[in-house]
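*Asks:* Here's the letter readout for the chains.
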Amino acid sequence: MTVTTASPGIERELSDIVGAANCIVDPGELRTYECDGLTGTRVRPRVVVLPATTEETAAVVRVARRYGLPIVPRGAGTGLSGGALPVAGCIVIGLSRMKRILAIDLENQRMRVQPGVINLDVSRAIAADGYYYAPDPSSQSICSIGGNIAENSGGAHCLKYGFTVNHVVGATIVTAEGEIVELGSAGADPLGYDLMAVLVGSEGLVGIVTEAVVRILRTPEATRTFFATFPSTDEAGACVSGIVAAGIVPAAVEMMDRLAIEAIVKATGVDWPLDVGAALLIDVDGTAAEADHTATRAVEIAQLSGALEVRTPRDARERQLMWKGRKSAFAAVGRISPNYYVQDGVIPRSEIGPVLREIAAAGARAGLRVANVFHAGDGNLHPLVLFDARVEGEEHAAEQVAGEILKICVRHGGSITGEHGVGADKAAYMGEIFNEADLETMNFVRCAFDPAVAFNPGKVFPTPRLCGDRPGTYVAHETEIAGTAGRG
Amino acid sequence: MTSQADDLRERLAPASVDEAAAMVRERAESGATFAFAGGGTESALGYEPERVDALLETTRLDRVVEYAPSDMVVSVEAGMTLAALQTTLAPQRQRLALDPALPERATIGGLLATNAFGPLRTRYGTLRDLIVGITIVRADGTLARGGGKVVKNVAGFDLPKLMVGSLGSLGLIVRATFRLHPMPERERWYEAGGLTAEGVRALCRSLIARRLEPAAVFARLEPGGSHYALAVLFEGFETGVDAQGASWLESANAAGAQIVDAGPEGVRIAAGAAHPRGPVRIRISVPPAAFVETHRDAVLPLGDCFEAECVAYPTTGTFLLGGFVRDGAGSRAVATIAAARAACEALGGSLVVADMDAALRGSVDPYGTLPQSFPIMRRLKERFDPERRFNRGRFLGRL
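Chains A and B, in that order, give the protein sequences.
Counting along the first sequence from 1, when you hit position 246 you're at 1295 in our numbering, and nothing is skipped either side.
Counting along the second sequence from 1, when you hit position 29 you're at 52 in our numbering, and nothing is skipped either side.
With the rest of the complex left out, here is chain A (with noise of 0.2 Å):
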C-alpha cells in the first residue's frame, strides 16, 4: 500500500464532510485515538473523523482511499485486543455519533440501530415491552454494537443464547471502495453467501457497519441464580461438567477463583467468603417450571460436587449485586495489582481443572499471580496475569507468562481468543492453530472485500498480507461471454 505524505487537502477535504469539529487534528486531542482497551501499544493517528451518517461515512472512505491512506474504523474503543489501534498515518473512522435507535419492531423481533448505540442501550429500549438483546459482555454499559460486531462479542450469557454472530441479521455497510451495500435481508434466509457471518467478527477488515439489524428476544420468564463456593477449581470444574451432562444448559456459568474473589471482595464490599479455592455464579432462565426444576437439580449436582456452600440470591437487588461482583471482576484486580495484562483463550470445558494447574504453574515459575475469572460453561478463560510495571523486567516477564498460557490452551484443543477477538495483540499467534493455507484461504475473504488492504491493515493476520491480483483467471459463463447475460 502507498502512503501519501501528509497534505492539507486531505484534511480540507474530510472537514468538509463532516465538518471541523468532527474532524481531529488537533495532537493533543488525537491522543485519546492512540489505542482501545489495549492500552500497552499506542500509535499517534494522523487524523480522526467523526460522521455521523451513512453517506458521510462512505465519502470519508472514498477521501481516504484516493490519498491512499489505512482505514481504521473505532467503535467505543472498550475493544481488548487492538482492533482500533490505528496505525502509522491512518485515518480513524470513529462511529461514536451515530448513536441512534432507528426502528424498533416487535412483531418480528427485530431493531434497527446505528453503530455507536451501546450494548446495554438496546436492551433497555424495550425492556418495559419485555425483550431483550442476549449479548452481554461485561462492558456492555460502554461497548457499541458497532465494536461488538467487530469482533463478535460474546458475554456471560452466550452459553444458551450465542454470540454476536447468532444475533445480528443484517447490516448496511460502507465498503472499501466507499460504497453502500445492504447485507442480510428481512427474511430468515437470505440469498447466496452468508456475508453476516462473515461481517460479524472480521474486526474491521471487511466493511464499515453504519447500520445493524439486530434480532431481539423475548425476556425469559424466570431466572435463577445462584453461587456456590469451592474448596479448589478442581471441584467447580467437575461442579460445572456434572450440570452438563445431566442435560442442563444454563445461561451463565461463571468461574472465579481465589485471587479473583479477593479482589472482588475488596474492591466491591461483597460478603463472600475469602477462604475458598473457587465460585461458581450461575444463572439458569427459561419458564418458572423448567427454571425452578433446574435450579433445583444443578445446586444437587453442586452439593455432590464438594460445594462448601451455596447461597440463593432473596431478591432481584441480590441477584444484581452477585452479578455486579462478576462483572467488575476486572477493574477489581487493579485493586489488588498495580498493573495486570488480561488474557483470553478458550479450552474444551472438560480441561478446566489441570489447565488452570498449568497456567498457575507457569505464573509461579516467573514469580507472577495469575486471577482466574471467567465463562467456565464455555470454557472461555480471562486469566489476569498481575504485575508491577515499576519492577524491571516485570512487565515482560506478564507478557510471557500470557504468551505461554495461549499456548497451553492450544495444546487443549482450545483457540487463541473466545471473545476479545485477535486484533494487533494475537496476529502472531495465529499460527498456533491454523496453518498457512487456512489464512490464505480466510485472505481470500478479505480480498473479495478489500483488495487494497486499505481496512484496518496490520490485524487478525501474523504476517502482512496482500491481495494482488486474482489468483488466476476468472473463467466467464457462456452467456456472459456471449453478451445475453450479465453479473451482479
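None of the hints are false.
Derived, one-sided and incomplete: chain B residues facing chain A with beta-carbon distance under 8 Å: (1) Arg161; (2) Ile231; (3) Gly371.
Everything labelled a hint here was simulated from the structure, so no lab data went into it.
For every residue, glycine included, the Cβ atom is placed at its ideal position computed from N, Cα and C.
Fit chain B to the supplied structure of chain A, relying on the hints for placement.
*Replies:* Below, chain B alone, put in the same frame as chain A:
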C-alpha cells in the same frame, strides 16, 4: 440433468479426506470441473451445472473423527448421514439439534452445503448456529480449516458459517465440527386444526406473550388449502414441559382453538409431516409478521396451480411447498411462480424453487432477484475458485 450425464467422464469416491484433496489436486492442472454428491436429497437445488467432468461422491467419508461427550462437541467426515451421527450420539443422550428431511440419506456435507433444516430451527437455529469448525478441499486441491473444536472461538474469519448454504461452490466440505445439545427428558407435541392464517399468527403471538419456549412450531396447510393445523413442540425436563403444555392449552382454548395433546407418539407423525416433498419444491422466506400476506399473495395462488403440500414455520417466516403442477395448469405455472415471488420480494423476502420438473426447468429461475450485495459474492467465488471448477454455474447468479 442430461447435459451433466453427457459431460461426465468419471465418478470419484475418495475413502479419506487426503484422498479427496489429492483427487481434486491431480485434476486441477487439466481444468477439470467437479460436482459433489452426498445423499442426493437436494441435488436439484440451484441452476443446472454448466459442465461436470467429475462427480465426487462423499459417501465413503463416513467416520466420526472425534467425539467428546463431556464437551458436547463432535467432529465428523462429510459423507456420514445425519441418522448415523445421531445414532452415535444417542447413547450419551446427546444430539445434533437439526431435523431436516430424509436423515437416513442426507449427509452432513450435503446438509451444510444446502443449509437444510427442520422445525427445530424454531429454537436451535440452522446449521450456521451449530457448526464450530470445518475442513474444506479448495479448488486447487489444498486442504484448509476454519474455526476449531471449541464452541466459543473468534480467531479468524468464520469460514464454517460461510460454507453453510454455499452449495459446494467455494470448496468441498470434507469435515465439520458441531456443538451438540442434550436429548430432552420429555417431548410433547400439541396440534390445533382448522386455523386461518390470521389464527396461526394470533396463536404464535400468544406463544410469545406467554413467554413459552417451544422447540418447534410448524403449520401444515390442511386439504382444501385455506386452513392450517398448527403443531407445537415443547421439550426439556418433565415438569417444565408439562407446565408449558398446560399454559399452551389454556391460551389456545381462550382463543377458541381446539388443541389436541399429540403426546410422544405425535413426535413421529409430526416430524414426518414437516417436509413436503414432490417434483416441484418451493422455499419461501419472509418476515414472520408477514405470515398472513404471504399466505394470501403467494401460498393461495400457488395452490391454484400446484397440487402441493405446504408447511410453514411461522415463527421464522419460512414456507415450504412440495408437489406437482395440477392437470391443465402447466401454462400458468411460470407466471404464478413469478407473481408469488414478486409478492415475497415486496415483503422483503425471497422465493427459491428448490426443485422443479422438466417442464419448468429452463423457464423458471430458481432464485429470483439478486441481492444488492451480489458483487461481493461474485468476488468471493473469484477468490476461492477462480477457474470455476466447483459446481460451475450452479449457485446464485450462475456462479
